[in-house]
Structure formats: structure tokens, C-alpha cells
Amino acid sequence: MAQFTENFLQALVAGLLTGSIYGLMCVGLSVIFGVMRVINFAHGDFMMLGMYVAYYAFGLLGIHAVFGATVGPYVAALLAGPVIFLAGVLVHRLLISRVTGMRGNALQAEGHYAQLILTLGLALIMQNGGLYLFGSTPVSIATPLASNAWTIGPLVGDRVEIFVNQGQTVAAVIALIVVLAFVAIMSRSRLGKALRAAADNPEAATYMGIDVARSHRLAFGFGVAITAIGGGLLASGISFQPYVGLEYVIVMYAGVVLGGLGSVSGAFLGGLTIGLVQQMSTLFLPNQLQNTAIFVVFLFIVLLRPQGLFGTALRRT
Amino acid sequence: MLEIDSLSAGYGLVPVLNAVTLRVKPGEFAAIVGPNGAGKTTLFKTISGIVRPTSGGIRFDGRDLLAVAPSARPHLGIAHIPEGRQVFASLTVLENLQMGAYTEAGRRAWKENLEKVYSWFPVLAQRAKAQAGALSGGQQQMLAIARGLASSPKLLMLDEPSMGLAPTAADEIFERIVSIHSGSGLTVLLVEQRVAEALHFADRGYVLEAGHVVLEGSHDELKSNDRIRQAYLGM
Amino acid sequence: MSGTDSPASNRRRQALLIAAFAIAYGLLATFVEHSYYLLILAVVPVWAVMGLAWNLLSGYSGFVSFGHAAFFGLGAYFVALAQIHWGLSPWFGIPCAAAVGAVAGLVVGIPTFRLRGHYFALAMLAYPLALLYVFEWLGYQELALPMQREHAFAYMQFEDHRIYVWLALALMVGAMVLTSLVERSRFGMSLLAIREDEAAAEAAGIRTLAWKLKAITLSGALAGAAGGFYAVVLLVVTPPAVFGMLVSAQALIVAMFGGVGTLWGPVIGALVLVPLSEVLHAQLGSIVPGIQGVVYGVAIVAVILLAPEGVFWKVKDMITRRRATQAPAGTRAGAVVAALPARSRHADGAIVFEVRNASKAFGGIRAVRDVSLQVRQGEILGIIGPNGAGKTTLFNLLNGFIRVDAGRILLEGRDIAGRRPYEICAAGVGRTFQVVRPFRRLSVLDNVVVGAYVNASTDAQARRVALEALAQVGLQNEARQLAGALANKQLRLLEIARALAGKPRLLLLDETLAGLGAGEVEEVIAVVRNLAAQGITIVIIEHTMQAMVRLVDRFVVLDDGALLAEGLPEEITREPAVIDAYLGKRWRIANA
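Residue numbers (this note's numbering), protein chains in the order written: chain X, 1 to 317; chain A, 318 to 552; chain Z, 553 to 1144.
To be clear, the hints were calculated from the coordinates, so they are not data collected in a lab.
Even glycine gets a Cβ: it sits at the ideal position worked out from N, Cα and C.
Keep in mind that a hint or two might mislead.
[Unchecked claim] Label pairs and their in silico Cβ distance ranges: (1) A:436 <-> Z:922: 36 to 42 Å; (2) X:61 <-> Z:637: 52 to 58 Å; (3) X:214 <-> A:428: 23 to 29 Å; (4) X:149 <-> Z:690: 54 to 60 Å; (5) A:436 <-> Z:916: 24 to 30 Å; (6) A:544 <-> Z:1082: 25 to 31 Å.
Start from the sequences and build out the full structure, keeping to the hints where you can.
Now the structure itself:
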């Protein structure tokens, strides 16, 4: 019993810590989904790019040398944000804007799927191009914090001890701060309100003088940048290779759909829940099936609450 | 103030507007009436840039509007209150008004505009913190108009403000529009399916049918026109 | 689809083309010695079959699948495991793999078809990825098919690799024949209608869910067979190779590259892309790992940006547009408005249709409140009311798009409330839409043929009924045009014809006169009157009264979701409440 309690609490802590980072990544996806109504298939691959940016910034750009092995990985992770923001804005301008927004609506019949398939193509290029650029050997950012843990306990008569990984804790706190900062921007600033207005009703937003195409571009940039920071934070905890994004794209969609379309705080909570599901599943399932557990949860979510996601019931009329 | 010259537009292969010409003078209250599907809303969307014309020209304050990006047109002083209200349902009433004041002019005059708008529509002040989607249809229409006014426009374009409203609510909206027009001297271009009311208040009217302007004239000319009386007023 | 020749000669030409292609491809293989090139030649048809499988579901029905690897992988693992554990020869294993794929398709389809659009695509993505991890966990990281040197032929293990090419070719020809049979039948037409507009298809009597399930089952079977054969050719099965995203992506990409919703599209796509990526992989794979994925990625991005629906459709659209613009415009002057048959009142006819206390609310908005009305045999009932009065919502309740919260809807005494739209259509209720919803990429005739299926036992009969319906509305000369190229009046008439083809006893017309010029209104009114004269009962919505006064026998006025007034045209126009709702109080006072 004590063993189970310990395992349970350990999984709970691990779930909350990983979940915070998943939450951050989900917020990024939810911005794109919420503002542009676009499913970005390549979102996991922008996360992957963020991981490699953090990795190379830490090693090659000398962040390791300047900030040291303890602080450096987090600086590198935050640096991934602006870099991937620019990449996202560029990709949106060159490719995605051609099939979305007002122009996308003008396409007939399957035009509606165009962006979905376009981002699938992007995902293939990024994954496989990444193989050439970064190689297939898994890498990781080395930080001493990742192998240190605080010990809580002993609790319940000396028998239960929980280890809280220091690296993960710092990462989770940073994730939380980034989310809060972003929520503040979205709810308070003029830019945030304009983005929300453009998401709510692009046509009416145009009548207000809001440049909807620019709003979409910024939303796409913000979205991939936030997720890239999440990737950067994850990069010191796990080892990764160019295909890593694929596993996370479903993790992120599960979180976003769970949290409710377009809601930033909902997306964070959704991601947190997915982190918990993933870690808790290890109590009952073999490790290899962690991701399967997430996929099953994801399927259940989309199958049980398809309404309220895209308003399909309304579209029928 | 607004000059539209033989404007044609359509969706795909289907033409909707056919060489429409009309003029709105500064301070005027102009109305465009006609049956559903005649192209009234398309005309408004073409003025705002959502629909691209196939030929013809639009000038606003002497400036070629077609050379201006859609999202830049509100900044010139055009406020388009779209058909079906289209308030930002997930934003609060106050945030909706702030979005109305997205234009430079609206931002500068924010305080006065807000006061004015609240005095015209006191219910909006009471519900400033409520989500716009939670308002009743009539209140949403008021918000849509207020949002347009918050941009300090020169031209107010109203697309079927009475649509879907109970007759009493529609009457109230009309009263408010008329008092705003007479009180502020704002130029108003109204599209309406309530032909009688629209022509009653307008200085000048245009009848649009199947994309053509079939009739135009001053208030008195139209009101005494037999064709109008027969076709639209059921007399 | 709407070829210029009869269906039979079209079919013969198609069969000849397929045979010619297969013979040429088979002969090509006989001249190739190098086993690597033979492998490529054997793999091309496999991916063509995957493309055809994807196309059968996603290309025709428009439900985009990102998960065909699930069926492919299950097929591959079935063949491998069955041979390892039970000694089952692939000769039997591959047909069984097709069955496994079919069952998987059905199992996946039943829950997943509750989703639409992006959600369907995403959910489909999750299936193969979940399976990938399960198979890794089961310990099937690398499964080799045991060599059977004694019974090589019995286990599909040939010294001469050309035989693999021919087998693959046979599989592909089978998939092509199947596709072409589907394409030209009620099955394929129904899927196309679903792709163009699922709600309109359902309202026209198409059992959309049943057809979609059939499509995914068949599609899963093809993909399962392709997977099974792939395992035999490569001799080794690994989870990433058969469940990986590249598998699903390749299926989609070969189909999209060549042309979505066409027979030859997936074949052309596979012929171009598979050898290209294989050769590049062989030449550059060591320097540029992942080049295959990049090739497919670039191919799909290019297709989406340059020809979003595949080369086939783009060319077809261009040709049709050119023809449409060359066609002489303005035949309106020649149209003869038939003398209007005199209308008799139907006060004594039997009640065909009745609505009792129907109500419907969306959230807090009560769109329809306690509406009751009766329609008599052969009557034309007009429903008028301002925009937003709940007229279209009422129609949506009547034809089953949405369910009533309370109340009953009786068709000839039977309660049809809560039935699916296709059931209500089959029961004898046809409808048109306020914003026209034709199947734009189908010909005018095919649009109407889709509407005829509900009451036709054979495809030939459906065609005959459709031609009659077109003649009734006067569109027989436009039968071969794409519906998307029609003008407003013709689209309105097309919708009437589509509804008519289902042999309805009650016809619901939603703002059929909207946006028509004065002359056009007269033409459409004449058509509607003729239908009524044939005994079809008609309910028509309009929001203006002018033309309606001359068309209908009786009016019902809706305002704000509730019944405001009811009566004969001359009564209604004098009703003060109606004048208020329509013309505004002020006007009445001013003109009193």
C-alpha cells in the first residue's frame, strides 16, 4: 500500500511538472487554432526546431559558456521563442497565408482541407530535412539540475518518499510564467484584443480597421514561438531526434481539444491533464504504452464531444 | 462624399451587382432598398473591400477607395455596421467598443465618443462588462452601431439594422439612428428591407433589384411613386 | 463523370485503357533484369493501390484520412504473423489481410464518422500511431517472414522477381476495376454528393452514413491487401515502416498529386513520385537522409499551392470555364411564360401535412415557438415573415435537419419528427435551400440523378427520372453543364428538379424567388404552379409578399418565431399586425 501511495504521488508530481510544459505547448497550438481556425500539422515540428535551436544555442552559441550549465539551458529555451517566431511569420507569409484566411474561403470544395494538407507537407519536409541538418542520433541538453532532485518526506511513518526533479521544476515554473505573461498580453493589450477580435469575427474585424492577415501572421508566429519555448524546456529533460514532433502533435491536440477551442487557459489546463494522464498511465500500463494511452484519451475526447468543437451541429443547417 | 460609378461585382461566375451608380452627399441620409438577394449587402461589402468589384469605381472624399486595402478603409472614416450585427461575441461590451475605436481618430476621441455612445445607448453602459454574445438581439444591434460610432466616422453604413428584431425593438433602433443623424450631422447610408420606414426617414433613396438600380430619387419623389407603392408597400 | 458518350461505351473505353496500361507495364518488367529496379516496379503498384484506397474514401467522399497506415499495417502484420505462427501462405493471407482491413475500416468508421473536417482527419491520425506503439510493445519490432525454399511458389517466394511485379500489377488492376465500378454507380455518385454538400445530399434522400461506412470498409480492404502484399515483397515488417506517418502521407500524396476523386490520379501519382523518391534515396540517401520524406513533402506543398485539387481537376475546370464563357448568353428573351393555370381553392382537400405546436430553441433564443399549421392536398401554402423570423429553422425542423424540442410533425398522419433527413425525403418530402446548395462539381444531370436514387430501384431508372425532372423545370438543355457554372435562376430550378426527382408528395421551397429579376420570377412561378397542378403539395417561404400574392393559395405569417397570422392573400395584406411586422407602424400611421 505504501509502495502504491509512493508511486502514485511520484507519478502525480511528475505529471504536474511535465503537464505544465505540455500546457505551455498547448497554449501555442491553441492560439493558432483559436485565431486562425487552422490546424497546424507541423506544430510538433516547430517544437522540434525549438529544441534544436535551444540545443545549438546552448552548445555552439556559447550560452553554456556565458550562463553556465545550470541557468544556460533555460536561457537557451527562451531564446528559441523569438527565433521560431521569425520562422513562423516567414512560413505563414510564404506558404500558409496562400491557403487560409479570406483567400482560403474563396477556394471551392476541398479548399477547406488545403491548409491541413499543406502543413502535412511542411511537417514531412521539416522532419526529414531535420534528419539531414541535425542527424538521427538522439541528443539532449545536459544540465546538472536534471539529475538532481529534492526529496519530500519521509511521509506516512517514514515509508513514503517523493523525489521532485529540480530541472523539471524550474522548467515548469518558467512555463507557468510564460503562460501568465501571454494571457496578460491577450486579455489586456490592444494587440491581444485585436487578435481576439480577428479570431471572433474576421469580417467584422476588417470593418474595425484591423488587418486580419497580419493578425493571423502574428498569431501563427506567437503560436509556434510559445510551443518552441516549451520544446526548449523539454530539451534538457529528454533526448530527442528530428521525428520527435510527431509524438507531441497528438499530445498537443489532445490538450487543446480537451481544454476547449480557442481558450488559452483551457489549453493550459488541457495540457496539464494530458501530462497527468501520461504519467499516471505508467501506474497501470507498461512504459511503451504511455503514448497509446494519450491517443486513446484523445480519441475519446474528440468522439465524445465533437459538438462545441467546431459547431458542426450548427453547420448542418 | 461617396461616389460609386457603374460598379459591378459578383461571386465566381454569378454576377450580383450590375453597373450600380450612386452618390451620397455629406450630411445626407441615403437609403438603399430592395428585395432580398438584390445585391444590397454585396454593395456594402464591395465598399468595405470584402468583395472585389469586377469593374467600376468607388471614391470616398475624392479618394480612389479601390486602391486602399480593406482594413485601411475604416481608418479613412467609413464605419460599416454589418448585416446580422456581427458583434465580437466572446469580447465584452467595452472591449467591443474599444475595437470600434481601433482607428486613429477613434483612439484620440475615445473619452468623448464613449460618453456620447453611452448617452445614446444607456443600456450599454449598464452592461459594459458583459460578454457581447449574452446581449439580446436589440442590444447587440445597439452595440454594433455604437461600435461603429466609436471610430469617429464620417460615413456610417448600416446594413439592415432592423433584421431579426421584434417590431418594437426595430422602431427603437430607427428612432436612435434618426436622432444620431440629426444630432451629429453624420452622413448615413442605410440598407433596409423595411422599405416604408427607410424611405420615410431618408433624404434620398435608391431601389436595387437584381443588381440594378431601378429607381432613385428624393424622399418625396419616391414616396409618391406608383411603382414603389405597388411593389413594396402593398397598396 | 458526365462524359459525352453513353455509360456503356465509356466503361468499355476505360476497361481498354486499364488493360493497355497493365500490358505495357507488365512487358516493361520483362525487360528489366536488375532486382532493385524490379523492386521499384513492384512497389509502384502497391502505392498506387494505397492511393486508390485513400481516394475511394477521401477523394470521393471528401473525408480526409490521415490514418490509412492503420489498415496497411494491420494487413502487413497479419500476413507476417499468420505465416510465422500458423504457416498460412500469403496466397490466402493477403485476401484475409483485406478482410482484416475491411473490419478495421468498419470499426474505425463507426465512431469516427461522427466527426467532420479537421477533427475527422486528426482522429484518423491517432489510430496508426496508437497501433505503432502497441506493436512495438508486443515485441514485433522486426518481423521477418520465414524463408520457404521447399515450397517457394506456395509461399509466394519467387526467384524471379518479375512475378512480384505482375502480382502487384494484378492487385492494382483489381483496385482500379473496383474503383471504376464504384465511380460509375449509385455508390460513387452518393459519395460525390456527400463531398459536395453532405446536408444537401441527406436532404435529397442519400443515406450518408451508410455510404461512408461502405466506403471506409472497402478502402480498408484495399489498404489491408496492399499492406499484406508489401510484407511479402519486402520480407520484413517493422512498426514504423507500416504504421508510420509516411505511409498514410504517401497514400494521400500520390492521390492528391495525380488528382483527387479520379481513377487515374493515384496511379499517375505513384508512377511519378515512387520511382523519383526511391532513386533519389538510392543515389543520395547516404548523404541526405530523409530525402524520400522531403520529396513527398515538397510534392504535396507544390500541389496544394499550384493545383490544390490535383492536375486532373484543374485542367477539367479550365476547359469547362472556357466552354461556359463561349456559350451564347441571354436566352431569357425567348423564354415563353406558360399561361398560368387557374388556381382553385383547396379548402376541402385532405390534410397532407400538419405541424402541431412545434418549438425549437438554440441556447436562449427561441427560434420557433409553438407553431401549428396544416397543408391540404395540392395546395400552395406561402410562409412569409421578415428575415430572422424562423422560417428556415421551421423548414429545417420539417425535413429533419434539426429536431423539434416539442411538438409533432405529421405527414399523412404519420409522425416524422425526429427522423433522419433521408428518411423524411424517402417518405415523400423534398426541399430546396435559401442559399442554393447544388453539388457544384457534378453535372446538372448528375445533381438530379442523386436526388432520384431515393425512389429508383436501378441506376438506369434514376437517370430516366432525372431527365424527366429536368424537362419539367426546363433545364434539359443544360443537363451536361457543371452545376457550378449555372446562373441563379437555373440553380433555383436545378434544386427544384433535384427535389422533384425523389417523387415527393410535399415540396418545401425555401426563398426560391430570392434574387431573381422580374421576368425570371414569372418563369419560376409558372414552373411551381405546374407542379401544383400535377398534385404536388407545396410550401414556399418568401420574405417579400409581392410575387407571392399571385402564387399561393394561403399565407402563414411568421414573426419572431411565432405564428402571427394566417389566411387568404387578400386578407393577409390587410392585417394590421402584418403591416406592422413588414412595413413598420410609422408608415401605417403616416398613411392612415
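Evaluation of the provided hints:
1. The hint said 36 to 42 Å for the Cβ distance between residue 436 of chain A and residue 922 of chain Z, and at roughly 39 Å that hint holds.
2. Between residue 61 of chain X and residue 637 of chain Z, the C-beta spacing of about 54 Å keeps the proposed range 52 to 58 Å intact.
3. For residue 214 of chain X paired with residue 428 of chain A, a C-beta distance near 28 Å keeps the hint of 23 to 29 Å intact.
4. The hinted window of 54 to 60 Å between residue 149 of chain X and residue 690 of chain Z is violated, with their beta carbons roughly 33 Å apart.
5. Range check, residue 436 of chain A to residue 916 of chain Z: about 28 Å between beta-carbon atoms, so the 24 to 30 Å window is met.
6. In this structure the supplied range 25 to 31 Å holds for residue 544 of chain A paired with residue 1082 of chain Z, their Cβ-Cβ distance being about 29 Å.
Figure legend: structure checked against the earlier numbered hints; the only hint not met is number 4.
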